[in-house]
Amino acid sequence: MNGAEYSFSEIERKWQSRWDEMGLFNADDSDRREKRYVLCMYPYPSGVLHMGHVINYTIGDVVARYSLLHGFKVLAPMGWDSFGLPAENAAIRTGVHPHRFTEDNIHRMAQQMRRAGWGYDWRREVATSHPDYYRWTQWLFLRFLERDLAFRKSAPVNWCPSCRTVLANEQVKDGGCERCGTAVEQRDMEQWFFRMSAYAQRLLDNHARLEGSWPEPVLKLQKEWIGRSEGARVHFMVAETGDHVPVFTTRPDTLWGVTFMSIAPQHPLVEKLVRGTEHEERVMAAVREMRAASTSEKDIAEREKVGVFTGFHVVNPVNGEQVQLWVANFALMTYGTGAVMAVPAHDQRDFEFARKYGLEIRPVIQSDDGMLDAAAMTEAYVEPGKMVGSGPFDGRRNLDAMADIIGWLADNGLGAAEVNYKLRDWLISRQRYWGAPIPVVYCEACGIVPVPDEDLPVVLPTDVEFSHGAGNPLETSQSFLSTSCPRCGGRARRETDTMDTFVDSSWYFLRYCDPHDEKHVFSSEAAHRWMPVDQYIGGIEHATMHLIYARFFTMVLHDLGLVDFDEPFKRLFCQGMVCKTAYYCPTHKYIPESDVAGGEREGEAIMGGRCKRCGADVTSEMTKISKSKLNIVDPDAMMDRFGADTVRLYMLSDAPPDRMQIWSENGINGAWRTINRLWSLAVEGLEKVAPLGEEPPAVLDEGNREIRRRTHQAIGRVGDAIEGGLQFNTAIARCNELLGLLRARFGEVHPAVLRETLETILKVLSPITPHLCEELWERLGHSASIFTCGWPEADPEVAAEEEIEIPVQVNGKVRARLHVSPDISRAELEQAALNDERVQRYVAGKQVVKVIVVPGRLVNVALKG
RNA sequence: GCCUGGAUAGCUCAAUUGGUUAGAGCACCGAGCCGAGACCUCGGAUGUCGCAGGUUCAAUUCCUGCUCCAGACACCA
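To convert, note that position 637 of the first sequence is 637 in our numbering; the numbers rise steadily by one, no gaps.
Source of the hints: derived by calculation from the structure; they are not laboratory data.
Since no wrong hints were added, every one of them can be taken at face value.
So the derived label-pair ranges between C-beta atoms look like this: (1) R659 to K612: 31 to 39 Å; (2) E240 to D373: 29 to 37 Å; (3) S821 to G703: 18 to 26 Å; (4) D636 to T378: 56 to 64 Å; (5) E702 to E211: 42 to 50 Å; (6) R673 to P751: 20 to 28 Å; (7) H520 to A416: 40 to 48 Å; (8) K624 to G95: 30 to 38 Å; (9) A637 to E802: 45 to 53 Å.
Restricting the straight-line Cα-Cα distance to at most 27 Å, the calculated cross-link-like pairs of lysine-lysine (DSSO-like) are: (10) K612 to K627; (11) K629 to K589; (12) K813 to K850; (13) K763 to K14; (14) K153 to K272; (15) K272 to K305; (16) K624 to K612; (17) K422 to K223; (18) K223 to K570; (19) K35 to K73; (20) K305 to K356; (21) K763 to K73; (22) K813 to K846.
Beta carbons: idealized from backbone N, C-alpha and C, even for Gly.
Could you put together the complete structure from these sequences and hints?
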């Protein structure tokens with residue numbers, strides 16, 4: 001059977017415009033059916049679709065179409081995270097204004113998206129860089145400000161002296177600016193923050209409601225990020241001056257083992273203490289060096305512990321002892337109180353520090369295996385044990401005593417129970433042009449004054465200069481900078497900081513519900529109608545950024561009375577990375593596969609090849625598709641060659657979608673063949689198929705009964721595969737099996753059975769390969785779109801097996817097979833097995849000890865001897 | 001270092017609550033088609049279910065230990 005090749009380009013275009021015309025993906029507010037909100041994380045409009053988008057948005061489209069087939073009204077919107085650095089960098093490089101650069105990219109990417117067959121309600125498209133969007137971002141900022149959830153404070157930040165802007169931690173590479181390479185400095189600057197730390201406990205508590213619906217690793221990452229820890233605040237005091245130095249500790253049981261104290265280089269007390277003393281020069285020099293070091297997480301982790309003795313001492317409140325006060329680079333001003341009691345015997349950090357600087361190590365928790373000897377210890381002892389040298393608590397088990405110790409501290413006015421979180425307040429200030437301006441002005445008389453709601457949006461000015469190293473372009477706009485105070489009318493200066501783009505993306509899913517509202521950020525009715533998102537789909541890299549910010553925003557909006565829920569995303573799915581073999585030559589670094597000569601193909605990789613340019617041995621690795629590894633695959637080129645349906649099918653057919661996907665030439669070819677096999681079988685079937693509406697007859701031969709049986713089984717199994725965790729690969733495998741059976745039985749298939757089977761395959765496959773299935777559906781005589789015709793119903797009677805084979809084991813070895821009805825009783829099955837002559841041959845003359853009967857499965861006869 | 005996944009055919013993955021002969025796609029081999037090749041169609045072979053113990057009539061599946069791989073976190077007191 002060799003039909004004409006499937007000509008995807010016309011057919012895909014045809015159906016894309018057909019779906020547009022019929023408004024298949026238009027989400028209707030007045031629709032009374034039950035809703036499904038299917039959302040994919042919107043992209044930054046880079047102008048080029050990459051494979052990560054392809055898998056993400058294909059999964060979303062399949063879920064949306066599957067929901068349509070199940071009769072839901074579906075909201076599947078798309079938009080643009082269109083503020084951000086790349087547009088501004090392009091402006092500096094090429095002189096093209098960020099607005100134009102962004103609009104061009106949006107246009108180009110939207111074209112690519114349509115072409116992939118992803119269905120969206122484009123009437124609801126939003127772009128965060130449009131004034132009618134960022135107006136409401138600013139409006140929300142003002143609500144945060146009113147509630148004291150937005151505030152200014154001084155904070156240490158990464159500062160690039162060449163670009164004259166702050167950088168996010170992820171924009172710092174190896175201690176330098178990712179753009180110009182200049183060494184990044186740490187500076188204290190006044191910045192805007194959102195008070196996210198106030199929501200730490202709630203963010204944590206709500207996890208209980210997300211369990212089971214969110215990937216477990218995401219919840220775990222968030223939990224670690226929030227980092228709740230329980231302990232006590234303990235009041236230390238500087239011996240020489242009487243200054244109070246509270247500390248936070250999770251180990252009050254080790255208070256009697258404190259031998260020194262570490263304090264953060266940024267701690268204000270340091271300067272206060274040493275000023276004008278003999279220690280000032282020495283201490284402040286060391287402090288300046290510590291402060292100048294990079295604040296990037298990675299650098300901090302790898303940095304050696306260093307410190308300097310301040311010359312001062314603190315009094316340990318539990319025993320009145322005086323211990324040395326040290327400035328240490330690992331003490332963080334942003335956690336706890338900025339000061340740490342040091343217990344080298346029972347904390348690894350303190351242990352290393354004490355060994356380096358020759359400070360005392362004093363064990364106060366004894367292991368059950370014997371006494372700890374401070375001089376012989378090679379690492380801190382952190383296991384539980386018995387308290388010693390600990391005043392009133394001597395002899396107690398440390399873990400059991402913990403609560404009593406905290407109670408004792410409180411009773412004696414030495415401290416109190418305290419809970420701390422790692423989660424910080426969210427720094428939202430950026431000294432950048434291409435972001436939503438923070439809507440406040442600085443008045444010479446009134447100070448910080450919010451821009452009134454009716455004056456929003458604060459629009460980005462156009463009279464700005466973009467040049468490298470000039471800092472924030474907004475500061476070059478006189479029209480923007482100088483304004484009048486809304487309160488007193490006097491001279492005022494506008495805030496030139498813009499908001500982190502994560503602010504924009506913390507509420508975009510709400511704007512989709514009511515995208516054109518000019519009076520409100522969104523109407524409560526619209527939010528109530530569509531929210532929360534039923535299925536959210538995106539990369540796991542957003543686990544602790546976007547997904548925490550969006551949850552925080554939703555909670556605040558709930559508290560403001562704008563929405564009646566406080567979790568935005570009911571179910572979350574994180575797709576896997578798309579990977580491909582990359583090749584590495586010692587002289588030329590990463591090289592494209594086309595530059596690998598010789599070698600042998602082993603699986604996906606060419607092993608033992610040489611570099612075409614220099615002849616050196618080439619190594620290979622399987623890694624995420626990226627420009628820098630020269631292993632990219634261009635989705636557009638693939639769609640040119642194979643069409644959207646083939647690319648979609650391939651992306652979903654190989655591995656479960658939350659795992660790594662491997663891109664290979666063979667794989668995409670295989671998907672293309674599958675598409676063509678289905679096409680040619682269906683086209684051939686058109687000549688034979690029963691007329692529209694004809695049901696299979698009641699009486700059929702065994703061959704046709706089996707086809708029907710497998711068809712009706714496939715409906716359930718495909719549905720289960722998709723509902724039970726978006727296992728598209730197994731759904732596709734079920735379809736392949738059915739297709740294989742139909743092909744093998746094509747000669748004797750009854751025309752009505754053929755119609756039923758073909759239509760079923762098309763239906764269940766249509767979310768994955770929509771164009772192909774629509775076309776064949778139409779050719780089978782249907783006038784309505786396949787997506788409006790409902791999911792097929794499986795008839796349990798047709799799907800039921802008529803006869804099953806039961807193996808009979810004698811002492812664990814299969815000796816016979818019985819063909820029986822699936823609903824045979826246990827006793828009947830046992831009798832049938834024992835009566836079987838082949839079984840009797842083995843049983844003859846021996847004693848039957850036990851007969852294990854598993855209905856529907858097997859019979860095992862255990863013999864003695 | 002810690003946590004979470006994973007280890008099944010040459011490759012990527014499946015396999016109801018433990019139960020028959022462990023299945024798909026790709027790759028491979030053979031045949032058909034063809035002037036030949038490619039495409040296509042049909043057919044075929046292939047498994048110490050990571051290792052070692054344990055529980056059981058029965059373990060790829062459950063339990064324990066170990067090995068290897070991947071990813072995330074990593075001075076938070």
